[in-house]
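Starting from the given sequences, assemble the full structure and let the hints guide the process.
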Amino acid sequence: MTTNYQELPIREEMKKAIAEMGFTEMTEIQQKAIPELLACKEVIAKAPTGTGKTCAFGVPMVQRIQPEKGYVQGVVLCPTRELCLQITEELQKLGKYIPGFSVVAVYGGQSMQPQINALRKNPQIVVATPGRLMDHMRRRNVAIDRTEMIVLDEADEMLDMGFYQDVRWILDRVPRTKQMSMFSATISREVMDIGWLYQLDPVELVVEPVAESKPRITQYCIKCSGRERIETLINLLKREEYRRSMVFCNTKYGTVSLVTHLEKAGLRAKCLNGDMEQAARNRIMTAYRNNEFDVLVATDVAARGIDVEQVDAAFNYEIPNENEYYLHRIGRTGRAGREGVSFVFYSENERQRLKTILKYSGNSYHPITVNADGSFTACEL
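Once you know that position 89 of the sequence shown is 89 in the numbering used here, the rest is easy, because the numbers rise by one and skip nothing.
Certain hints may be false.
[Claimed, not checked] Below, in silico cross-link-like pairs of lysine to aspartate or glutamate (DMTMM-like), each with a Cα-Cα straight-line distance of 20 Å or less:
1. Lys32 <-> Asp201
2. Lys238 <-> Glu292
3. Lys264 <-> Glu241
4. Lys15 <-> Glu36
[To be verified] Simulated restraints, written as ranges between beta carbons of each label pair:
5. Gln113 <-> Ala287: 20 to 28 Å
6. Glu228 <-> Gln165: 25 to 33 Å
7. Glu241 <-> Asn282: 23 to 31 Å
8. Thr186 <-> Thr3: 20 to 28 Å
9. Lys41 <-> Glu12: 19 to 27 Å
10. Gly362 <-> Tyr164: 26 to 34 Å
11. Tyr253 <-> Asn323: 20 to 28 Å
12. Ala280 <-> Thr251: 17 to 25 Å
These aren't lab readings, by the way, just hints derived from the structure by calculation.
Treat the numbers as computed from the prediction; the structure is a model and nothing was measured.
Glycine included, each C-beta is placed from N, C-alpha and C at the ideal position.
So this is what it looks like as structure tokens:
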């Protein structure tokens, strides 16, 4: 099994693009998935976030595209607008040197007309959120009745977010002969159901979080409540001078309120929540990636699918309602082999809940108190 992209049986145009992207050696999921998909087998893959899943399905999909065909040959379904745009950008890079290659992103929160105009140009690949793709299909803006490849990315999140029936509606309208693959951080019951209903003898691939891919995150637990929590957060952000941080709240109102406090303290902060228009969300994420501000305050739903490199610290300003949310939160930092740090704030009556979450995470942690000068002192949880 080769580990080098240049040794794969793929187009020379794509090898050139991959080299420009700075990729030489394949990650484990890429080594396992790409040969199977190139051989037209179906795949159900479980792999941690940040292990290169987009290229794992993107390289085989782009390889099989025939630009001279005037219809949609590949479809990628994903749970969020941000992830939709990220996948589209990656696929565009892979197909950069292939004459006539075209990929279009369709997602909610944006006017239909620009997407309709793009779809009329007969792209070979459509990357979409389920709801918006259904809208376009019902209006006959796009047809997938001849689609040859379909991928469900972040399948667990997508099906957990209430898209189960939407995904089934879409899959019922693609040819039974299509190649279908699913990539997911976890294999939930819903993911298994979709596989049983729509896949034919899929190859099951598993990549465990090993030292190379498991986030190297130092976790700190800080007991504080009320006004102490805001002051502690501000002091930590100022003292540590993180270049890029994410702070998680449980409510939309909480994100807005917290940003107000952070801005008053002289910190460059913006919020991201479900009440915002898509254009505003896009502007904020672009500014965040360009280091135009340092602290992004978000709800769990708004942050799903966001992939930002080199987040130095993740703050659980409030303990999440679901154990899985905690893993998604701290997983924003310490990616791609880098070291990261996370903080979780808790009150006395949240102590037992925190212990449950920490046990679920399976990672070591450090209970601390923050001194007046900003230094840490170890304590008991």
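Outcome of the hint check:
no., hint, result
1, Lys32 <-> Asp201, "holds, 16 Å"
2, Lys238 <-> Glu292, "holds, 17 Å"
3, Lys264 <-> Glu241, "holds, 17 Å"
4, Lys15 <-> Glu36, "holds, 18 Å"
5, Gln113 <-> Ala287: 20 to 28 Å, "holds, 26 Å"
6, Glu228 <-> Gln165: 25 to 33 Å, "violated, 45 Å"
7, Glu241 <-> Asn282: 23 to 31 Å, "holds, 27 Å"
8, Thr186 <-> Thr3: 20 to 28 Å, "holds, 26 Å"
9, Lys41 <-> Glu12: 19 to 27 Å, "holds, 24 Å"
10, Gly362 <-> Tyr164: 26 to 34 Å, "holds, 28 Å"
11, Tyr253 <-> Asn323: 20 to 28 Å, "holds, 23 Å"
12, Ala280 <-> Thr251: 17 to 25 Å, "holds, 18 Å"
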